[in-house]
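A.B. asks: Chains as they are written, first to last, in the working numbering: chain A, 1 to 244; chain B, 1001 to 1239.
Please note: incorrect hints may appear among the correct ones.
To be verified - Covered by chain A, per the in silico footprint, the following chain B stretches (three or more residues, Cβ under 8 Å): (1) 1064-1072; (2) 1075-1083.
Claimed, not checked - Some chain B residues judged to face chain A by a derived CB distance under 8 Å, without partners named: (3) TRP1003; (4) SER1005; (5) PHE1006; (6) LYS1048; (7) ASN1054; (8) PRO1058; (9) GLY1059; (10) THR1086; (11) LEU1089; (12) PRO1172.
What the hints assert, rightly or not - With a straight-line cut-off of 25 Å between C-alpha atoms, the simulated SDA-like cross-links for lysine to any residue are: (13) B/LYS1187 x A/ILE197; (14) B/LYS1126 x B/ARG1099; (15) B/LYS1107 x A/VAL13; (16) B/LYS1167 x A/VAL164; (17) B/LYS1107 x A/VAL95; (18) B/LYS1107 x A/SER19; (19) B/LYS1103 x A/SER26; (20) B/LYS1187 x A/GLU47; (21) A/LYS22 x B/VAL1095; (22) B/LYS1161 x B/THR1148; (23) A/LYS22 x B/ILE1137; (24) A/LYS22 x B/LEU1090; (25) B/LYS1103 x A/LEU25; (26) A/LYS22 x A/ILE135; (27) B/LYS1107 x B/MET1093; (28) B/LYS1215 x B/ASN1014.
For the record, the hints were derived by calculation from the structure and aren't laboratory data. Even for Gly, the Cβ is constructed at its ideal location relative to N, Cα and C.
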Amino acid sequence: MSWPILYAQLVGVNRHSTSLGKVWLSVLFIFRVMVLVVAAESVWGDEQSDFTCNTLQPGCENVCYDQFFPVSHIRLWCLQLLFVSTPPLLVTMYVAYRNQRDRKRLLEGSGRSSFLSNKSQEEDLDTLKRRRLPIAGALWWTYAFSLLFRLLFEGGFMYALYVVYDGFHMPRLVQCDQWPCPNLVDCFVSRPTEKTIFTVFMTTISSICMVLNMAELSYLVAKAVTRSLCGQKERKRRSSREDA
Amino acid sequence: MNWASFYAVISGVNRHSTGIGRIWLSVLFIFRILVLVVAAESVWGDEKSGFTCNTQQPGCNSVCYDHFFPISHIRLWALQLILVSTPALLVAMHVAHRRHVDKRIYKLSGRSNPKDLEMIKTQKMKISGALWWTYVISLFFRIGFEVTFMYLFYMIYPGYKMIRLVKCDSYPCPNTVDCFVSRPTEKTVFTVFMLAVSGVCIILNIAEVLFLVGKAYGKHLHTAGESTVGAWIQQKLCS
Chain A
1 MSWPILYAQL VGVNRHSTSL GKVWLSVLFI FRVMVLVVAA ESVWGDEQSD FTCNTLQPGC
61 ENVCYDQFFP VSHIRLWCLQ LLFVSTPPLL VTMYVAYRNQ RDRKRLLEGS GRSSFLSNKS
121 QEEDLDTLKR RRLPIAGALW WTYAFSLLFR LLFEGGFMYA LYVVYDGFHM PRLVQCDQWP
181 CPNLVDCFVS RPTEKTIFTV FMTTISSICM VLNMAELSYL VAKAVTRSLC GQKERKRRSS
241 REDA
Chain B
1001 MNWASFYAVI SGVNRHSTGI GRIWLSVLFI FRILVLVVAA ESVWGDEKSG FTCNTQQPGC
1061 NSVCYDHFFP ISHIRLWALQ LILVSTPALL VAMHVAHRRH VDKRIYKLSG RSNPKDLEMI
1121 KTQKMKISGA LWWTYVISLF FRIGFEVTFM YLFYMIYPGY KMIRLVKCDS YPCPNTVDCF
1181 VSRPTEKTVF TVFMLAVSGV CIILNIAEVL FLVGKAYGKH LHTAGESTVG AWIQQKLCS
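Between the sequences and the hints, there should be enough to build the whole structure, so can you do that?
C.D. replies: See the structure below:
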């Protein structure tokens, strides 16, 4: 399982997304996954091997590294990207379920009316597969829930990173007195400035993604409200025409 | 997601680029991304492990390395290449939007023949009207990002030269210690090379902007005869 497989899955979701959803997907893959794979992983590559403590006591470095870095930034970001990418798959699953249901209806319908040729049935099935469903009804709710989950996961992981590392800044020096360290020892973190730069970058892009998700949710709500208002107007007009 | 998939995404935009745009894309991938992946990354591979200070004080190496190299060249170049390539996606998004609008118009006018819709997908968009503005704005963003990164490089690593020896006295180094950078000459060579190619890319982008402006102005003169620049701009905005 690797990033290209996830990309292939999510590209399928793209067809049923709004334009903001498509922008969100591009931002996710170019500015987060790509930067993670191409740049961030090499910055954190030597995080444990180059974590040096001012002591010769065996085990002290291991213990201090473990105390100050319970979960590496890279792993947190990988988990965040995986969690944030999965709600859109809810939408894909719902679309697949709808297509399956409509295909069954089409086949049952054509089975009864036997004069329909095979070719037109194939064409209908093909259009069913390739059509883009409008975001309305149950699909709207699925989409809105997937956006809410995305927002929750993004916010949750950003908060977790903030709490675990006490902010988004990587300190150069940490002081540790866990056993078996003989007393309070100075431990030096490898590449702290570069790590701070990348942490701030990834957090900024994460916030941009949250803003995109909120904008998409507002757009969906606004679209639904306008649709229901238009629907009401249309119904009023029709009933007044019938009365007249 | 790696440079190969990134190449697949960005080269999709190639279809709607001008000739100079395609040259720029080739220069980007061959002389920058490929050189970065194939050569530069191995030169900078031991940048931290090969950075040695004249002291046995634990932690002094780490601290001095961090002081003199806040961010590695390789990461800066990776970020530069990603940021410089993404304005092209603005053009791709605009093309996709235009295609969507064309499809709707076709469907409303009753031409929902799959052949016609397929033709919309494969036809090459003319760079005119709002697409022209999107393209030119994306070019300005590209130039902006390139220049910003060149300036950042100059600020962080003055003179673009990699020094052989740095003197460091940050805690916990006991006094001013000599620290030696690994492969300074090779790093200088690659830094100068990558900056030269970056300069070439800026020149290509400027040439493309001038080409587009010249082409659009030429077309306007040809079609409208005598008119003012204001009317030309108005036509560009409204077409």
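A.B. asks: With reference to the structure, classify each hint as holding or not holding.
C.D. replies: Okay, the hints, checked on the actual structure:
| no. | hint | verdict |
| --- | --- | --- |
| 1 | 1064-1072 | holds (count 6) |
| 2 | 1075-1083 | holds (count 4) |
| 3 | TRP1003 | holds, 7 Å |
| 4 | SER1005 | holds, 6 Å |
| 5 | PHE1006 | holds, 6 Å |
| 6 | LYS1048 | holds, 6 Å |
| 7 | ASN1054 | violated, 17 Å |
| 8 | PRO1058 | holds, 5 Å |
| 9 | GLY1059 | holds, 4 Å |
| 10 | THR1086 | holds, 6 Å |
| 11 | LEU1089 | holds, 6 Å |
| 12 | PRO1172 | holds, 6 Å |
| 13 | B/LYS1187 x A/ILE197 | holds, 22 Å |
| 14 | B/LYS1126 x B/ARG1099 | holds, 12 Å |
| 15 | B/LYS1107 x A/VAL13 | holds, 24 Å |
| 16 | B/LYS1167 x A/VAL164 | violated, 35 Å |
| 17 | B/LYS1107 x A/VAL95 | holds, 23 Å |
| 18 | B/LYS1107 x A/SER19 | holds, 20 Å |
| 19 | B/LYS1103 x A/SER26 | holds, 23 Å |
| 20 | B/LYS1187 x A/GLU47 | holds, 23 Å |
| 21 | A/LYS22 x B/VAL1095 | holds, 14 Å |
| 22 | B/LYS1161 x B/THR1148 | holds, 18 Å |
| 23 | A/LYS22 x B/ILE1137 | holds, 21 Å |
| 24 | A/LYS22 x B/LEU1090 | holds, 12 Å |
| 25 | B/LYS1103 x A/LEU25 | holds, 23 Å |
| 26 | A/LYS22 x A/ILE135 | holds, 14 Å |
| 27 | B/LYS1107 x B/MET1093 | holds, 21 Å |
| 28 | B/LYS1215 x B/ASN1014 | holds, 19 Å |
In summary, the structure is inconsistent with hints 7, 16 from the numbered list given earlier, while agreeing with the others.
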